[in-house]
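Chain order of the listed sequences is A and B. Heads up, the first sequence is in the working numbering, so the first residue is 1 and it goes up one at a time. Heads up, the second sequence is in the working numbering, so the first residue is 1 and it goes up one at a time.
It cannot be assumed that every hint is accurate.
As the list claims (entries may be wrong) - Looking from chain B toward chain A, a few residues come up when the C-beta cut is under 8 Å (computed): (1) Ile193; (2) Arg196; (3) Ile312; (4) Pro344; (5) Gln360; (6) Gly374.
What the hints assert, rightly or not - Facing chain B, from chain A, some residues (calculated, C-beta under 8 Å): (7) Thr183; (8) Val184; (9) Ala191; (10) Gly194; (11) Ala198; (12) Leu200; (13) Tyr201; (14) Gly203; (15) Gly207; (16) Thr258; (17) Gly261; (18) Ile262; (19) Gln292.
Hints in this document: simulated from the structure, not taken from any laboratory. Beta carbons are placed, not taken as given, at the ideal position from N, Cα and C, and that holds for glycine.
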Amino acid sequence: MSRILKYRELLLFGIICVLIAAFSYRAPGFSSPRSLANIFNDTSILMILALGQMAVILTRSIDLSVAANLSFTGMAVAMLNAAYPGIPLPLLICAALAIGAALGAINGLMVWKIGIPAIVATLGTLTIYRGMAFVLSGGAWVNQTQMTPAFLNTPRMPVLGLPLLGWTAILVIAVIAIVLRRTVFGRSLYAAGGNPTAALYAGVDVGRTTFFAFMLSGALAGLCGYLWVSRYAVAYVDIAAGFELDTVAACVIGGISTLGGIGSVGGAVLGALFLGVIKNALPVINISPFWQMAISGLVIIIAVLFNARQERRKGRLILRETAKRRPPRIEVPVEGAAA
Amino acid sequence: MSVVQALTQNSAPLLEMRGISRSFPGVKALDGVDVALYPGTVTALIGENGAGKSTLVKILTGIYQPDGGQIVVEGEPVQFTSAEAAIRSGITAIHQETVLFDELSVAENIFLGHAPRNRWGLVNWAAMNARAAALLTSIDAPISPYSRLKDLSIAQRHLVAIARALSVEARVVIMDEPTAALSYKEVEDLFRIIERLKRQGKAILFISHKFEEVYAIAERFVVFRDGRSIGAGLLAQTSQDEIVRMMVGRSVDHVFPKAAVTIGETVLKVSGYSHPTEFDGISFALRRGEILGLYGLVGAGRSEFCQSLFGITRPSTGRLELEGRSIEIRSPSDAIRAGIVYVPEERGRHGAVLQMPIFQNFSMATLGRTTRAGFLRQAEEFALARRYAERLDLRAAALSVPVGTLSGGNQQKVVIGKWLATRPKVIILDEPTKGIDIGSKAAVHAFMSELAGEGLSVIMVSSELPEILGMSDRVMVMREGRVAGIWNREGLDAETLVRAATGNE
Chain A
1 MSRILKYREL LLFGIICVLI AAFSYRAPGF SSPRSLANIF NDTSILMILA LGQMAVILTR
61 SIDLSVAANL SFTGMAVAML NAAYPGIPLP LLICAALAIG AALGAINGLM VWKIGIPAIV
121 ATLGTLTIYR GMAFVLSGGA WVNQTQMTPA FLNTPRMPVL GLPLLGWTAI LVIAVIAIVL
181 RRTVFGRSLY AAGGNPTAAL YAGVDVGRTT FFAFMLSGAL AGLCGYLWVS RYAVAYVDIA
241 AGFELDTVAA CVIGGISTLG GIGSVGGAVL GALFLGVIKN ALPVINISPF WQMAISGLVI
301 IIAVLFNARQ ERRKGRLILR ETAKRRPPRI EVPVEGAAA
Chain B
1 MSVVQALTQN SAPLLEMRGI SRSFPGVKAL DGVDVALYPG TVTALIGENG AGKSTLVKIL
61 TGIYQPDGGQ IVVEGEPVQF TSAEAAIRSG ITAIHQETVL FDELSVAENI FLGHAPRNRW
121 GLVNWAAMNA RAAALLTSID APISPYSRLK DLSIAQRHLV AIARALSVEA RVVIMDEPTA
181 ALSYKEVEDL FRIIERLKRQ GKAILFISHK FEEVYAIAER FVVFRDGRSI GAGLLAQTSQ
241 DEIVRMMVGR SVDHVFPKAA VTIGETVLKV SGYSHPTEFD GISFALRRGE ILGLYGLVGA
301 GRSEFCQSLF GITRPSTGRL ELEGRSIEIR SPSDAIRAGI VYVPEERGRH GAVLQMPIFQ
361 NFSMATLGRT TRAGFLRQAE EFALARRYAE RLDLRAAALS VPVGTLSGGN QQKVVIGKWL
421 ATRPKVIILD EPTKGIDIGS KAAVHAFMSE LAGEGLSVIM VSSELPEILG MSDRVMVMRE
481 GRVAGIWNRE GLDAETLVRA ATGNE
């Protein structure tokens, strides 16, 4: 979007490279192409979810239900596959996208039509969707033996050294990049989050845009439901528990403003990769998983501080311009009314 | 001044402001004003929007510091360096829209920030509730101090606000348009309270647009115009006409000449536009190349009506015809497609998406035109942006930098360019020159003439009489949501408009 953002993405990319270099100093082989492909593949699901989350965050909302959506949809397609092994895989993937999109649409409708704050609406559906997964499965697992080989193995099939799972992520990144940069919907996301009032006056339907962002996030979560189940070869109610926070973290680290309107595909992908590198590297150099969590948390706070400082600096600049331009308004200013 | 001098001999003013000035970058909001407030007396402060009334209130309540002049309380010069300092001197204000807290009790609202404490430094609830009850009784307000504020009516909230103002040992009470949200009956109740405050010897500054009320409750008046105190005296010795004349001044003609434009056929016809709460029965016709000035007091329903033309609010009844065809507008995108655009008042806040590049702001209202098969075409977006950047003489390093990096004037150009890019037939400008300096005003006015010359029809909402009189071909005045009259520019004077807007005919 702007030079600052490009600079920030380069910075994040640089940090990731330095991390990889540092880790491979302690653990040779960490930076081998195979290992790197492995990290990318391992982070694929997080990247896809982070892109959906980013679309939602751009509109000043948040989707806390992505992991629950993933769990329900994953369970649903796994059970479908177990019950009707004859259903071809592409149809199952379409079903995953559709179920996920429907769950996302429920979030979107609550935010758009009823006006429930996104954080509350999706906090509710987070619990509901998990509950639905439980009701659907009766708490039972769907095991490797119940699922068809095609269902389980397709995402793991390597093409040019990278499993199809990784290629799926690349495809999603490309599609989302085009949607955000080259379609009216993508532009509307930035406009609706950047200045909802200006967007409204320019004929952008802010509510509908938010709705479609939720639907997009839901569809991607549904896709990830299938990917997750096939990757770990098991479906149960608690898969990906707490993963929604990782998607938000990836966005925040990637410089997507929680105030809406600022962010890029590159940022979200790099934010997810950053978390992926840390997660894969720390066990290699024998650091306990609890440290992993602490380090991830620290990085998130640093990233937020970094973002807040950037935004504040920008705010000051505008105010200075404003002060030069015109007197303070005579009436009592209404602070934050644009929010 | 002789009247004031004569009066000051009767009783000494409780509070005097002498030669108070206050500038903001580019504007002198107050230029050496004199105001005197007397104990047991209501002084009405009268003036157009932007005359400096609110700035004066803010100086009196310590929110702004004056650049020059002196404030004297009972003969002692004082300086209000903070809102607290003003309160300590016994000056308190009741604002137009009082800030109260819905979830707190009445007593808590009254004493928020200065609650009585017990010896442990904790809130002394018993004392607070008792004092709140006493205060409410003193203004005849039958409200329990224990009620939640959210359960009260607007009028009752107002009484709480008054009690809050009086809870600080007030000697000077400022009421900034206190009747704006009140019904006739509630205004009467308010007046009874004011009478009571008068008897207690408090000095009251009463700000209102409504002459009827001013004459009913106030003894004295001060008229402000363009940041100056133009006249002061006793209302009993001054007619409404004289006050109107002081408000508008005389030399308002030909400050903002609109270029002569041939007025064409009717473009937009509005019939019986009504809204359940904001406006009622608005009808008029707008012709090609015409500028229709829309004048009225703040809260007369002008912006609300214009927003309904643009699809932001929906009218309950009424018909709209554009170029002879009946149209219905349900959303801003409907309006833009039909050729009606609305440039909002606060262009900084409502106009541009500051973090977006310039070219994307230019194309924001016309995305349909720069799209092929659902995909945006950046080359066309840039071409469109270049065209309007050139036409509006936009100064920017590149069209790909965020609008937030531009100067204020250039941001405005982007916002206006965005609307011109939609090739509208009717453009609604809401307070197009509010808060901008004289030079930029002239540029905006020249630009409006140019638009009219190209055959656009313009609706200009403005609260500035010189602008209305200078720029409009016709003027429509709204009062309390209704059309108070439509006049041609020829022979129209400011006093007619002020009378129509204030209901003093």
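Exercise for the section: Return the numbers of the hints above that this structure violates; sort them in rising order. Expected result: 1, 2, 15, 16 and 19
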